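**Q** Top line first, the protein sequences correspond to chains H and F.
Those letters in the first sequence? Residues 1 to 525, by my numbering.
Those letters in the second sequence? Residues 1001 to 1525, by my numbering.
There may be inaccurate statements among the hints.
Unchecked claim - The calculated lysine-lysine pairs, modelled on DSSO-like cross-linking and capped at a C-alpha distance of 27 Å, are:
#: 1; chain 1: F; residue 1: Lys-1225; chain 2: H; residue 2: Lys-434
#: 2; chain 1: F; residue 1: Lys-1284; chain 2: H; residue 2: Lys-437
#: 3; chain 1: F; residue 1: Lys-1273; chain 2: F; residue 2: Lys-1017
#: 4; chain 1: F; residue 1: Lys-1284; chain 2: H; residue 2: Lys-13
What the hints contain is simulated information worked out from the structure, not anything from laboratory work.
Quantities reported herein were computed from a predicted structural model and do not represent experimental measurements.
Protein chains: 2
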Amino acid sequence: MFEATKVGRSLDKADFKDQQEDLRTQLLAVQRELRQTDIPVVVIICGVEAAGKGEVVNRLNEWLDTRGLQNFAYWDETDEERERPRYWRFWRSLPERGNISILFGGWYQTPIEQRFQGQCKDAELDAELNRIVEFERMLIQDGALVVKFWYHLSEKDQRARLKELSRDDKSRWKMVPDKKSKFKEHYQDFECIAERVILHTDRGTTPWYLIEAENRRYRDMTSGKTLLHAIKTRLSEPLPEEPPSTAGGGTLNLPTGSGSQITVLDQLDMTQKLARDVYKSELKRLQEEVNELTWQAYNQKRSTVLVFEGVDAGGKGGAIRRITAGIDARLYRTISVAAPTDEEKAHHYLWRFWRHIPRAGYLTIYDRSWYGRVLVERVEGFATDAEWQRSYSEINRFEEQLAESGAIVLKFWLQVSSEEQLRRFQDREATPYKRYKITDEDWRNREQWPAYKAAINEMVARTSTAHAAWTLVEGDDKPFARIKVLSTLCETLKKALKEGKNGNGRTRPCGEKAVAADSRKERNN
Amino acid sequence: MFEATKVGRSLDKADFKDQQEDLRTQLLAVQRELRQTDIPVVVIICGVEAAGKGEVVNRLNEWLDTRGLQNFAYWDETDEERERPRYWRFWRSLPERGNISILFGGWYQTPIEQRFQGQCKDAELDAELNRIVEFERMLIQDGALVVKFWYHLSEKDQRARLKELSRDDKSRWKMVPDKKSKFKEHYQDFECIAERVILHTDRGTTPWYLIEAENRRYRDMTSGKTLLHAIKTRLSEPLPEEPPSTAGGGTLNLPTGSGSQITVLDQLDMTQKLARDVYKSELKRLQEEVNELTWQAYNQKRSTVLVFEGVDAGGKGGAIRRITAGIDARLYRTISVAAPTDEEKAHHYLWRFWRHIPRAGYLTIYDRSWYGRVLVERVEGFATDAEWQRSYSEINRFEEQLAESGAIVLKFWLQVSSEEQLRRFQDREATPYKRYKITDEDWRNREQWPAYKAAINEMVARTSTAHAAWTLVEGDDKPFARIKVLSTLCETLKKALKEGKNGNGRTRPCGEKAVAADSRKERNN
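So here's chain H without its partners, still in its complex pose (with noise of 0.2 Å):
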C-alpha cells in the first residue's frame, strides 16, 4: 500500500514559494467561510517516526487563522484523564462547530502503538479499530469533517531522518528500534501495522490521505492543499440525506402500530404501595447503606453514573433527593439537564454529558439527561428521524465506555399512571411553591402521551444493557418508588462493589496503562 508514498516526490524552492502564497490566500478563504457554517474540522496526524509531523502542524498553524484554531497532543495523560473513560480526553479536544482541531495521532496513536509494542493481538487492534469506524462515523453524522493524513518515509529516508535528529531527541516519539541492527525489521513491522490501521478506517467519508514525508516542501504543501480541497468540497456538498431506514443500526424489530400498542410501561403494577412506617425504616437503613457503599468505591476508585428519566411529576427530584441524603456531599453532583449553553450548542449532543463525567470514585447524578434526544427531541421533532435513530447506538457506545471505564451505571424510568399525573399537575397549580414546576408545556406533553410512549417503548428496548440496564419505576406511590430506587442502587453498588474491578485499572483494549507510564518516564529523561 505505501508503494506510492515512496516514489520520491519533491518541489523545489522557487514553486514552493508561488504555490505558497496562491495556498495561504485560499486557506483563509475558506477559513473564514467555514466559521459561518456549523461544520467542525477535525484533522488527524499521524505517521512513521522522523516524518515530520510536528513540523506540518506548524506549518499548518502559519498557513492557518488562529482564531478557531487548535491542536491537541495526547502525551502526558492527566489524573483527570486518566480516571475516566478513555475517550474523555478526545471529547475534550473536539472542535466546535466552525472550527478546527488539528489532533497528534488522536485516537489512532494508542492502538498503534500498543499492537507495535506486542501489547495487543491482531484481533484486539480490529476490534479497536471497529470502535474508532463508529466514532468517526458519529462525528460525521453530526455534521463534521474529519481529514486524516498518514505521513510516510521510505526505510531509508526514515534512517537517514533518524540520524539527522539524534542529537536531539526530544521530539522523537518510541517507535524506533533500540538496536541498529533490528531497523529493517522494526520498520517493517510497523509498516505492517499501518496499513492495517488505515486499511481498516479508510471509510469513504472519512478517507486517509497518505503524503510522501521524504521532501518537507512537498510534504508540507501537499498537506495544506489536500486539507484546502478537503474543506471546499465539504462547503460545496451538504452531506448525503442517510437512509432512515436503517439508521438505528440493530436488528431490533419492534411494533409500529400506535394506538393499541403494549409496550414495557403497561407490564408495570401501578399499584403497589409502601406503608408509611416500613418507608421510613426503610429510608433510614438504605441511606445509611448508601452512605457506606458509596465509601467503598470511593476507596476502590469506582464511579457512579446515575440517571434519571421519567414523566412530568413522576417523582424524579423527590428520588434524586432521597439518595443525595444519604450521600457524603463531597462525593456527589447533580447534573440538572436545561437548556445547552451556546458552547453545549457549538458541539455534538453528547458533548454536554461527556464533560460531566465523573472521576473515579465519584458519583454524578444526571436529573434528565442524553435521552432526551430520543424523548422530547424525538416527539416533539427537535432532531430529525435520522437523528434520534441513530443516537440509540451512540447512546449504548457511550454508556459502554463509561462501564469499560469501571464506572456503575445505572438508569432510572420514573412512571406514574395518567390519572396520578393528572393528580399531581393539579395539586402543583393549587399550592404555591410548587405552582412553579407546572407550566403549559407540561399539559401540552400530557396531550403527547400517546406518542411519548412509543418512544419511551422504544428507549427501553434499545437501550438496556447488560452494562446499563433501565430499572422501571412504579411511582404512584413516592414511597415505593423512592424505596425501589434506593434499594436497586444498593444492591448494584454491592454487586459490583464485590466484583472488585478496579476503576482506575480500566480495562483497555490494548494495555494502555503500562504504555502511559512508560512513555511518560521516557519523556522525563
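With chain H's structure known, arrange chain F on it following the hints.
**A** Coordinates of chain F only, in the frame set by chain H:
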C-alpha cells in the same frame, strides 16, 4: 469570640418540622428569583472538626432546587490543578450568575490547616488572609454574594461528637490530635487560629456567620434561614456605587490632561529597522533557540504565558507566528480572544482567561487578553469607570498568582505610528485576501487614538510589574519588531530557567504541597 456559639441553643423536633416547610418554600422562591438576576452566590462552609459540615450541605441540597446548585470539595487535588496557580481550582468552581456554589472549606481550608500543623507562621497566614480579602472583594464587586458559615462546638461537645464518629472515620478530616491527652491543647490552638482567620476576613460585605453546631436541628435551621436572609437582602438592595476615585487602589498619580500629554509611547524610537539579511539569519537563530528553551521549560515544568496587545495592524499575528514556528506544536496553545461565550459572560471577566492557563511545562499565547478591560472596554465605555479602574489591581493580583505558580509571564505591546497604520489599512483594503482583516471598526478606533493613547499609557504604568513586565515594541518595521519580540522572549526564558525555580514546586505561603500529599495518603488508608 466563640463564647456566643457555646450557649446550648437548640430546636425541638416539632418546631423544626413547622419551620422547615415555610423555609423550604421561601428558599425555593428566592432561588427562582435569583435565577433571573446576574448575581452568583458563593456559600462557604467552614468550622471545627465533627461539627457536621457535610450534614449541613446535604440539608441545603435537600431544601434547595438542584438546578443551578453545585457543591465543591477540595480534596484530591488533581495534577491538572496542581500544575496551575493555586486559585485555579476555585475559579473552576465559581458559580454562574444566578446560580449557587457551595464550597467545603473554600479558600480557607488550606491556610487554616497549614497554620494548625505549624507549616507557617502567623505572619504568613495573615499575608494569605489579605489575599483572600482582596479575592472576595473582587467577587463582591463583580456582583457576587459571598455567604460564609463557621460551625463551632464547645470542647465538650466536640469530644462527644468525635467519639460518636469514631466507628466510621471516613468523613473525618485531620484536625484531630493523635493522642487523647493532647485534646484540650489542640482544641484551643485550633480555636485561636480560627479566631484569627475569622476576625481578619470578616468584612462588611463578606461577613462570617458563626453557628453553634451542637444541636443539629438548630444548626441546619439557622443555616437555612441565614442563607435565605442573605440572598433576600442582596436581591432587595443593589450594591452601593463605589466611590470612583479610590477604585484604582494605587498611589500612582498620572497626568490626566489630554492633548499635549506625553506618554510612554512617545518615547519609542519608531525609526528602528533591521536589514533583510540580518533579519533572516537572526530569525533562524532565535527560532532554534526558542525551540530549545521551550523544551527546557517543559522538562523543568515551567509554564509560560505570553500576552500580545497592540494597535490594530500592529503586527501581533505576524509576531506570534514567528514564535510558534519555532515551538513544537505539542507545547503551545494560541488563544485568540474574541467575543465571550454565554458561559464566559456568566462569570467574572477574568474567568475566561483563567480557564486557558497552561499546565506546568506548557505555553499559552493570548492574542489579545484581559487587558481589553482597560483598553477597548474603557475607551468604548463597555466597562464602567469603577470596573476598569479596579481591574488594574485585579490584573496585577492575577499575574502575581501566575508568577507565583512558577509561570513565566511576558507581555508585549506592539506599537505602530499613525502613518504606518494608515499605510497598512490601505494595503489591507487593496489586497483581496487581506481585506477581511479590515473593518469599519478599525477606522473608528483610529479616530479614538488620543483616548487609546491615554489608556495605554496608564495600563503600562499600572501593570508593569517585576514578575510581569511590559515590553513595548516599535512596530513600524516588521522585521525589527519580530526580532525584538523573539529575542526578549529568549532572554527572559533563559534567565528564568537558569534560576531554576521549579514550576511544579510552586511557592505556597504555607507549604501546601506537603500537606496535600499527606492528606491523600491518609484518606487512602
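**Q** If you draw a straight line from the CA of F/Lys-1284 to the CA of H/Lys-13, is it 27 Å or shorter?
**A** Distance of about 17 Å is within 27 Å: holds.
**Q** For the pair we were handed, F/Lys-1273 and F/Lys-1017, check the Cα-Cα distance against 27 Å.
**A** 80 Å, violated
**Q** Does H/Lys-434 lie within 27 Å of F/Lys-1225 when you go C-alpha to C-alpha?
**A** 20 Å, holds
**Q** With the threshold set at 27 Å, check whether the alpha-carbon distance from F/Lys-1284 to H/Lys-437 stays at or below it.
**A** 66 Å, violated
Figure legend: structure checked against the earlier numbered hints; hints not met, in rising order: 2, 3.
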